[in-house]
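Q: From just these sequences and the hints, can you work out the full model?
2 protein chains.
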Amino acid sequence: MTIEQFIAQSEGSWRSMRSGHSLAFQQFEEVLSEITIEKIDKNEEGVIELYQNYKKNEVEVHIFIQPFKMSWSAESDWEPDDPSEVSSGNCIIIPLKRDDESGLLIRSIGYAESQIAQSNYQFTSDGTLVLKTHYEQSIAEERIWFASENVRCRSSILKTSEGSGILQTSFASEVKRISL
Amino acid sequence: MTIEQFIAQSEGSWRSMRSGHSLAFQQFEEVLSEITIEKIDKNEEGVIELYQNYKKNEVEVHIFIQPFKMSWSAESDWEPDDPSEVSSGNCIIIPLKRDDESGLLIRSIGYAESQIAQSNYQFTSDGTLVLKTHYEQSIAEERIWFASENVRCRSSILKTSEGSGILQTSFASEVKRISL
Numbered sequence: 123m124t125i126e127q128f129i130a131q132s133e134g135s136w137r138s139m140r141s142g143h144s145l146a147f148q149q150f151e152e153v154l155s156e157i158t159i160e161k162i163d164k165n166e167e168g169v170i171e172l173y174q175n176y177k178k179n180e181v182e183v184h185i186f187i188q189p190f191k192m193s194w195s196a197e198s199d200w201e202p203d204d205p206s207e208v209s210s211g212n213c214i215i216i217p218l219k220r221d222d223e224s225g226l227l228i229r230s231i232g233y234a235e236s237q238i239a240q241s242n243y244q245f246t247s248d249g250t251l252v253l254k255t256h257y258e259q260s261i262a263e264e265r266i267w268f269a270s271e272n273v274r275c276r277s278s279i280l281k282t283s284e285g286s287g288i289l290q291t292s293f294a295s296e297v298k299r300i301s302l
Numbered sequence: 123m124t125i126e127q128f129i130a131q132s133e134g135s136w137r138s139m140r141s142g143h144s145l146a147f148q149q150f151e152e153v154l155s156e157i158t159i160e161k162i163d164k165n166e167e168g169v170i171e172l173y174q175n176y177k178k179n180e181v182e183v184h185i186f187i188q189p190f191k192m193s194w195s196a197e198s199d200w201e202p203d204d205p206s207e208v209s210s211g212n213c214i215i216i217p218l219k220r221d222d223e224s225g226l227l228i229r230s231i232g233y234a235e236s237q238i239a240q241s242n243y244q245f246t247s248d249g250t251l252v253l254k255t256h257y258e259q260s261i262a263e264e265r266i267w268f269a270s271e272n273v274r275c276r277s278s279i280l281k282t283s284e285g286s287g288i289l290q291t292s293f294a295s296e297v298k299r300i301s302l
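Respectively, the protein sequence lines represent chains A and B.
Just remember that the working numbering sits 122 ahead of the position in the first sequence, which is counted from 1.
Just remember that the working numbering sits 122 ahead of the position in the second sequence, which is counted from 1.
The hints are simulated quantities; they were obtained by calculation from the structure and are not laboratory data.
Warning: the hint list may mix true and false statements.
All copies of an identical chain are treated as equivalent in the list; a pair is satisfied when it fits inside any one copy or across any two copies.
[Unchecked claim] Using 20 Å as the maximum straight-line C-alpha spacing, the simulated EDC-like pairs for lysine to aspartate or glutamate come out as follows:
1. 254 to 221
2. 191 to 160
3. 191 to 167
4. 254 to 152
5. 219 to 126
A: Right under this line is the structure:
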């Protein structure tokens, strides 16, 4: 698996079921959402701004890969008695390739904290994409893999940045909408 | 990671939070349970019986590794209005090593169906244990990895045995009880 193949297979609209586990409080969270992943032009203003931000701090040479946008629209904590919260957003992602198995993803919004984030990615021997991101308060490790052509799984682990304390985990099962 | 190290690190008592996703029905399931993993004597009757069953169908030579027992006690579907179901059980597992990265696990009860099951295991480059099991009606793929010394994650994907249809997925976050 290469990052180009991975992005190509991820393109499209996905119906996501996501479970969050808060380990300290033994609490579950359930979220149904719609996720759309689409390629964007590398000359778009958002892409150029994001890339300039990265360039300031980085000396290593990477190959610039097709940027893409991830949009989501979620129905959170969908218990019958709860007024259902709807949250949505989007994020620009620029992949920068180091070699065939690894590189960086620059994201306009991070997974764990709402700031520009830089993730190291690495493919394992079975084609799983492993992302590691250092935030100010936390470290996130995400794994994304294809269970089949049209089913994608994503797990995440959030640790405190000081120690090895694990705050929460999550798992999402994503089914591609074939009609699009 | 070797299978011996993996079993040694898994030994103990774990508090598990498990989420199940039924993809066709977009339904979530939540299960809290207690899991205990302990080494057992290779001369125990259950181990000998299980091993004989395996020997009948197998010609390849494997190294017999320390067998262990997994016991669980679960509180299922813990919605406030539901009378909570408690299910429990246990399973003997014999690891048979092919080489440093792969081999078989013979289980007295399978993960997806209640019959003796034989799983192929393989470690990925980042130490994740990937198990594949063919049942009569389904194929299960499980991944187990350590997020830290005391936190273990397990994901599973269940497919129909005829095609590539994915029936359900699950994810468990397991925290080791340190006091034991």
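Q: State whether the alpha carbon distance between residue 219 and residue 126 is at most 20 Å within one copy, between copies, both, or neither.
A: within (10 Å within a copy, 36 Å between copies)
Q: Within, between, both or neither: how does the pair residue 191, residue 167 come out at a Cα-Cα threshold of 20 Å?
A: within (13 Å within a copy, 58 Å between copies)
Q: Reference check for the pair residue 191 and residue 160, CA-CA at most 20 Å: within, between, both, or neither?
A: within (5 Å within a copy, 47 Å between copies)
Q: Within a copy, between copies, both or neither: which one fits residue 254 and residue 152 at a CA-CA cutoff of 20 Å?
A: neither (24 Å within a copy, 27 Å between copies)
Q: When Cα atoms must be at most 20 Å apart, do residue 254 and residue 221 count as within-copy, between-copy, both, or neither?
A: Within. Shortest intra-copy distance 17 Å satisfies the 20 Å Cα cut-off; inter-copy 30 Å does not.
Of the hints listed earlier, the one the structure fails to meet is number 4.
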